[in-house]
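For reference, the chains in residue letters:
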Amino acid sequence: MATSTTRKKPVAMLVVTGIFSIIMYAALLSQQDLVLKLCGKGGLNAFLPIITAFAFSIIHGTFTGHFWTVLGFEAAKRKKEGH
Amino acid sequence: MHDLATNFINLDTITILYLFAVGFVGGLVSGFIGSGGAFVLTPAMMSLGVPGLVAVASNMCHKFPKALVGAIKRAKYGQVDVKLGIVLGISAEAGVLYGAHIQERIKLAFGDAGSNLYVSVAFVVILALVGGFVIRDAWKTYTAGNADAEEKLGLLPLWVRTVNIPGTMVYFKSLNARISILFTIPLGFATGLLAATIAVGGFIGVPSMIYVLGAPSLMASATELVIAFVMGLGGSFKFALSGLVDIRLAMIILAGSLFGIQLGAIGTTYVKPFMIKVVMGVIMVIVLFSRGLMVPVYMSQLGLMDKLGDTTTSILKTTSFGIMIFALLLGAFIVLGAMWTGRKEEMRREARLRQTSGAMEHGEI
Chain A
5 MATSTTRKKP VAMLVVTGIF SIIMYAALLS QQDLVLKLCG KGGLNAFLPI
55 ITAFAFSIIH GTFTGHFWTV LGFEAAKRKK EGH
Chain B
373 MHDLATNFIN LDTITILYLF AVGFVGGLVS GFIGSGGAFV LTPAMMSLGV
423 PGLVAVASNM CHKFPKALVG AIKRAKYGQV DVKLGIVLGI SAEAGVLYGA
473 HIQERIKLAF GDAGSNLYVS VAFVVILALV GGFVIRDAWK TYTAGNADAE
523 EKLGLLPLWV RTVNIPGTMV YFKSLNARIS ILFTIPLGFA TGLLAATIAV
573 GGFIGVPSMI YVLGAPSLMA SATELVIAFV MGLGGSFKFA LSGLVDIRLA
623 MIILAGSLFG IQLGAIGTTY VKPFMIKVVM GVIMVIVLFS RGLMVPVYMS
673 QLGLMDKLGD TTTSILKTTS FGIMIFALLL GAFIVLGAMW TGRKEEMRRE
723 ARLRQTSGAM EHGEI
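If you're matching them up, the sequences are chains A and B in order. The numbering of the first sequence is our numbering, which starts it at 5 and goes up by one. The numbering of the second sequence is our numbering, which starts it at 373 and goes up by one.
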């Protein structure tokens, strides 16, 4: 949460990953019938939801990370570690 | 393959926003304590008309990518013991499979009500024992004024460190010690068993890493995310083989939970370690009451007690779900409050440092 005054904020990355994230969600929701038909088959199609989950976690995960950074929410400078 | 029409619900804007919001709060708590949130998501989906198995499968399929993102974030803060997470995760996977098998057997023998009663009783007994212990320990730390002190090892982890079984000894950085891997197997297995039963293995996983192995709270909660990833990936694939994952639901919840988990992970860098125990203990004890309310409903359905009226059943179900949502919201509130306090302390410390260095530059010190 400490606002960094020296590090540049990743606004460009936020916009790029945000656009990709929106495209992925738009594709998922606009093609619901096809997605459900493929995932509902099971068997070898089991890889589809797994791959989809990984893809969303990478793109949307990167976006959400940048989102909080750009808003100024960052880890405490004195990081708390275990021992 | 299952019937698509009965397995997958229609999505409207309200449903999407509802799942996004529940995902966010669940993610916030998970990012902080390593688990939690999942116990609300399955009933939340079922309340929308999603069949139980699809709700469990979809919940699991949102859990592993969420845990992956959370684990990577917290690894950047030096809080994750990947080796311990993977070792525990593998035995947890066996626990999940065995737990699912038990569930299937109970369902076959006693039907849905029997299965629900088993889950509720497991909730009540385990959360009472473990949650009570965790919250008592957090309270003791707080009242003793040791909140800032380094966590001390209890007698059990000290004993675990003295046991030397040749060929099984492994060094774990979170423990800063070599222990026998044989100790991790039952702990991981129990974590998986609980995950398959009540959807939150972390209620066993995190306390066992703290109180049995002696891991610091922050590292235990972060390492739990690795276990959740391993368990969630295997479990999701198993459900996906039967075509039970509603990937739309999973990804919508993930959309909210990834915002939450990032924030929860950031929060861990601002708080005192005992806050992990406070949040976990409080959620566990409140959820225990939520599930406790459902025990008479299922007992009545099984004919183990007098039949409850429809109104009574409905009141108990609604109250139980309400308490569960309250537990999650209270957990999120404590997390945000602790972050806020930690941030203020950090800002004060920085201001003092600036003052001191300014004074030094002007030759006043």
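These aren't lab readings, by the way, just hints derived from the structure by calculation. Every residue, glycine too, gets a C-beta built ideally from N, C-alpha and C. Treat the hints loosely; a few may be bogus.
[Said to hold, decoys possible] Partial pick of chain A residues on the chain B-facing surface, computed with a CB cut under 7 Å: (1) 40; (2) 43; (3) 69; (4) 77.
[Said to hold, decoys possible] Covered by chain B, according to a simulated footprint, are these stretches of chain A (three or more residues, beta-carbon under 8 Å): (5) 31-37; (6) 51-65.
Against the structure, test the hints numbered earlier, and report the numbers of the ones violated in rising order. Violated hints: none; all satisfied.
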